[in-house]
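Build out the structure end to end from the sequences listed, making use of the hints.
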Amino acid sequence: VNNKNKAVSRPVADQAGMLATLINALFLKSILLAKGIPAEILSGLAVPQAAETYSFRAMQKLFSEKKVIIFAGGTGNPYFTTDTGATLRALEANCDALFKATQVDGVYDSDPKKNPNAKRFDEISYDEVITKELKVMDMTAISMARENKLPIIVFKQEDENSLANVLDKKGNYTIIK
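Going by our numbering, the sequence shown opens with residue 11, and the numbers climb by one from there.
Hints may contain errors.
Within a straight-line C-alpha distance of at most 27 Å, the following computed DSS-like cross-link-like pairs (lysine-lysine) qualify [said to hold, decoys possible]:
1) K71 x K45
2) K187 x K142
3) K76 x K123
4) K124 x K76
5) K159 x K76
6) K45 x K77
7) K16 x K39
8) K179 x K45
9) K123 x K180
10) K123 x K187
These aren't lab readings, by the way, just hints derived from the structure by calculation.
Now the structure itself:
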């Protein structure tokens, strides 16, 4: 949604973004279930017809049931990006890393869509991302990951095998640590 004229308030625009993550989560859950992989969605927004509302207790229960948990809806609060929500949930879940699927195959020194000579980093520190003001994630998310030593792996979501390829250390991606 183009909101250049500010016809939509920031909280409403943020809620729309959170709902978009829930839509993606519904598709991902369907794909996983079709492959025989048990999965559930925990949403930062209360949408009981589509997903269980996030709570730490609900997350622990799903982990004990050996289900893949798909976090959606960010924190459920405006002014917090979905990147910050993802980082928060990864920390709460004691994850080994945060995988960020995006439109480019890693972190670059400038926008690769605007600069054909942009350089992709195989690995970069949190401090470099912050100092160079690279636009891979918001600074709150990067800072939270840095404070808790949570690696972030940034990769391009091209097809259903993209994440599997990164897990197998194939293809292009960037590790922020």
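For each hint, the structure was consulted:
Distance check on the hinted pair: K71 and K45 sit about 22 Å apart at the alpha-carbon level, within 27 Å; holds. For the given pair, K187 sits about 15 Å from K142 by alpha-carbon distance, which is consistent with the 27 Å threshold. This hinted pair does not check out: K76 and K123 have alpha carbons roughly 40 Å apart, beyond 27 Å. Between K124 and K76 the alpha-carbon distance is near 43 Å, which puts this suggested pair outside the 27 Å criterion.
A C-alpha spacing of about 25 Å is found between K159 and K76, which places the hinted pair at or below 27 Å, so the restraint holds. With a CA separation close to 13 Å, the supplied pair K45 and K77 stays within the 27 Å bound. Simply put, K16 and K39 have alpha-carbon atoms about 34 Å apart, too far for the 27 Å limit, and the pair is violated. For the hint linking K179 to K45, the alpha-carbon distance of about 22 Å falls within 27 Å, and the restraint holds.
The suggested pairing of K123 with K180 holds, with an alpha-carbon distance near 23 Å, which does not exceed 27 Å. Restraint check for K123 and K187: the C-alpha separation of about 24 Å stays at or below 27 Å, so the hint holds.
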